[in-house]
Amino acid sequence: MNLKLAWRNLWRNKRRTLITVASIFFGVLLSTFMTSMQEGTYSRMIDNVVGFYSGYVQVHAPDYWANKTIEYTLPVNDSLLKAIGNTPDVKTVVPRLESYALLSFQDNTKGAALLGIDPEKENQMTNLAHWIDRGSYLQNGDDGALLAFNLARNLGVEVGDTLVVISQGFHGASAAALLPVRGILKFPAPTMNNLGAYIDLNAAQDFFSVPDRCTSIVLMVNGYSRVDQVKSRLVAKFGNRYEIMTWDEMDPLTKNMIDADRSGAYITKGILYALVGFGIFGTVIMMMAERRKEMGVLIAIGMQKHKLGTTLFYETLLIGLVGVIAGFAVSCPLILYLVYHPIPFTGETAKAYEQFGFEPVMYFSAKWFIFARQVLIVFILVLLVYLYPLAKTARLRLTKALRA
Amino acid sequence: MNVIEVKKLNKIYNESEVKVQALSEVDLAIEQGEFTAIVGPSGSGKTTFLNMLGGLDEPTSGEIHIGGTDIRGLSSSQLIDFRLRNIGFVFQAYNLIPVLTAKENVEFIMELQGVSKKDREARTMELLEAVGLKGRENSRPAKLSGGQQQRVAVARALASKPKFVLADEPTANLDSKSTENLLELMEELNRKENVTFIFSTHDQRVVNKARRVITLEDGKIIRDIRKNHTI
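Protein sequences appear in the order of chains A and B. Going by this note's numbering, 80 is the number at position 79 of the first sequence; the sequence numbering is gapless. Going by this note's numbering, 33 is the number at position 2 of the second sequence; the sequence numbering is gapless.
Quick caveat, the hints were computed from the structure, so don't treat them as lab data. Don't be surprised by glycine CBs; every beta carbon is placed ideally from N, CA and C. A couple of the hints might just be wrong.
Stated by the list, open to error - Distance windows between CB atoms, simulated:
{"id": "1", "chain 1": "A", "residue 1": "A23", "chain 2": "B", "residue 2": "S147", "range": "24 to 34 angstroms"}
{"id": "2", "chain 1": "B", "residue 1": "P129", "chain 2": "A", "residue 2": "A392", "range": "17 to 27 angstroms"}
{"id": "3", "chain 1": "B", "residue 1": "E89", "chain 2": "A", "residue 2": "A392", "range": "38 to 48 angstroms"}
{"id": "4", "chain 1": "B", "residue 1": "K50", "chain 2": "A", "residue 2": "A395", "range": "36 to 46 angstroms"}
{"id": "5", "chain 1": "A", "residue 1": "I20", "chain 2": "B", "residue 2": "A60", "range": "54 to 64 angstroms"}
Unchecked claim - Quick list of in silico lysine-lysine cross-link-like pairs, DSS-like style, CA-CA up to 25 angstroms:
{"id": "6", "chain 1": "A", "residue 1": "K401", "chain 2": "A", "residue 2": "K294"}
{"id": "7", "chain 1": "A", "residue 1": "K308", "chain 2": "B", "residue 2": "K208"}
{"id": "8", "chain 1": "A", "residue 1": "K270", "chain 2": "A", "residue 2": "K401"}
{"id": "9", "chain 1": "B", "residue 1": "K192", "chain 2": "A", "residue 2": "K306"}
{"id": "10", "chain 1": "B", "residue 1": "K208", "chain 2": "B", "residue 2": "K38"}
{"id": "11", "chain 1": "B", "residue 1": "K223", "chain 2": "A", "residue 2": "K5"}
{"id": "12", "chain 1": "A", "residue 1": "K92", "chain 2": "A", "residue 2": "K368"}
{"id": "13", "chain 1": "B", "residue 1": "K38", "chain 2": "A", "residue 2": "K308"}
{"id": "14", "chain 1": "A", "residue 1": "K122", "chain 2": "A", "residue 2": "K69"}
{"id": "15", "chain 1": "A", "residue 1": "K187", "chain 2": "A", "residue 2": "K306"}
{"id": "16", "chain 1": "A", "residue 1": "K401", "chain 2": "B", "residue 2": "K50"}
{"id": "17", "chain 1": "A", "residue 1": "K232", "chain 2": "A", "residue 2": "K256"}
{"id": "18", "chain 1": "B", "residue 1": "K174", "chain 2": "B", "residue 2": "K38"}
{"id": "19", "chain 1": "A", "residue 1": "K122", "chain 2": "A", "residue 2": "K232"}
{"id": "20", "chain 1": "A", "residue 1": "K256", "chain 2": "A", "residue 2": "K352"}
{"id": "21", "chain 1": "B", "residue 1": "K251", "chain 2": "A", "residue 2": "K401"}
{"id": "22", "chain 1": "B", "residue 1": "K174", "chain 2": "B", "residue 2": "K194"}
{"id": "23", "chain 1": "A", "residue 1": "K122", "chain 2": "A", "residue 2": "K187"}
{"id": "24", "chain 1": "A", "residue 1": "K5", "chain 2": "B", "residue 2": "K174"}
{"id": "25", "chain 1": "B", "residue 1": "K38", "chain 2": "A", "residue 2": "K306"}
{"id": "26", "chain 1": "B", "residue 1": "K148", "chain 2": "A", "residue 2": "K5"}
{"id": "27", "chain 1": "B", "residue 1": "K208", "chain 2": "B", "residue 2": "K149"}
{"id": "28", "chain 1": "A", "residue 1": "K15", "chain 2": "B", "residue 2": "K192"}
{"id": "29", "chain 1": "B", "residue 1": "K208", "chain 2": "B", "residue 2": "K174"}
{"id": "30", "chain 1": "B", "residue 1": "K223", "chain 2": "B", "residue 2": "K258"}
{"id": "31", "chain 1": "B", "residue 1": "K194", "chain 2": "A", "residue 2": "K308"}
{"id": "32", "chain 1": "B", "residue 1": "K194", "chain 2": "A", "residue 2": "K306"}
{"id": "33", "chain 1": "A", "residue 1": "K393", "chain 2": "A", "residue 2": "K306"}
{"id": "34", "chain 1": "B", "residue 1": "K148", "chain 2": "B", "residue 2": "K208"}
{"id": "35", "chain 1": "A", "residue 1": "K294", "chain 2": "B", "residue 2": "K174"}
{"id": "36", "chain 1": "A", "residue 1": "K256", "chain 2": "A", "residue 2": "K15"}
{"id": "37", "chain 1": "A", "residue 1": "K5", "chain 2": "A", "residue 2": "K15"}
{"id": "38", "chain 1": "A", "residue 1": "K5", "chain 2": "B", "residue 2": "K165"}
{"id": "39", "chain 1": "B", "residue 1": "K223", "chain 2": "A", "residue 2": "K308"}
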């Protein structure tokens, strides 16, 4: 009966209830849309960082990350790769040898990263071959190079041209080679297009005079949420022998940017939900004022105050619930559509995005917590608003209420 | 057997600077099956007295025993439960729950009492038939006339099988025909089912039907007349 009473009470003043429901509806819709867009964008940024390059976790020689030179390599063999690969939640293990070199073609010389990769494993992990714009992907044992799009453009090279590469190898050994260009890579993430040149791992080890050694072992794990667990397991397994870093430790800029953006969005959403909360509160105040006498009668005829409080709680909760359901009815299909049809930016906006190193596409996410969070926020608002009728009911003076 | 016993009942309101003595040293005993009207001019203390008898307000001093229970010793929650099981209320403005039908309004009290669905449905239909509203059980109060609403209120008051029914100016908002019908109904219920009715009223028609008339003035009982003898 409590629930029936609450539901019917809700529709005593249809217009007012609908206005309140509409405020929750718009709050939920805007908030889910905004959160979905943010999470989609963050997820894409992380995927770009992780999936295209860094992986979720990397294993290095101690102090490699602070110095990033060829002097800090670690010996790599099958047993080490197997030991890392056997760690629970580790999906793929890819060795790399990374350093810097001068790349020259005709009159153009550019400094860039020179990445020694295992072409097959690297492709399994980062899907590198997919981003070939011109030419072909590297074969295992290949003596050629793949160049990132902007680097190739700045050097003025094309597929089939040969680059002169000069660098410093292990213990100051001079490193020089001629590298025919096998292909040009064009990534969706603009920063990746400036990165450098990819060569076969063995060729890189020869070039830098570090046979059987790597600068990093890159790991993909079973999802973002497993990263910290995998790191802990690897630390437990290898102790201080290796430097083990997660993607956000290697790329704090992206992490900080996401955190800062999230904080800004919390303020916006906080204001949005404060307005929604005051909307519900206003309705509840009016409901209480209008029905003071009726509440007095209910208590007079034998309804305990806590039962009356329960009915009022149901009323407040139902307003929130109807608003959330209405909001989800629109936001769920809209967001699901946008997940599969992200919005591309064009013109100046696209250029601005690219200048800042972002993909000029607005991605969306349909992760469960985006929706669950709205339910939780509205529920908390309802609980806060409910304090008012709760206090009013507890303090209700029967004779005064009956005279109201 | 006395259903209600009141001893030296006083009520003083301190709401403003001036103290108002609403009831003064009131003594009263009401027996099971009485049909009693409490009359008096406005401000004489009728409603205050009824509120005290119904446990809706606390006396400043004195005792109120209902069915042998001193209701002054009950906590707020116990008092609500006591009212639910012992007292029926009929209000001047009917005060039905507007979102519930006639049937649901009557059933509501029994649901609060924890009566099973089957039993409360049976009793609701029995009561609605008794008050002449069979066929209107699914109407909401707004669809009923004032007289019909007050009949539902009487059915609601009786639903809990109370020791007595308190009716505060029950005919004040009714036309003469509805008043007559309501009084006949309550008289019949009183006669057939021995339900104790206590009214506060200005209405001479109610006074005429009452078998006992208590007159209050300035918070004191100045007359207590039983139709066959005067105290």
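Which of the numbered hints are not met once you compare them with the structure shown?
-> 1, 3, 4, 7, 8, 10, 11, 13, 15, 18, 22, 25, 27, 28, 34, 36, 39
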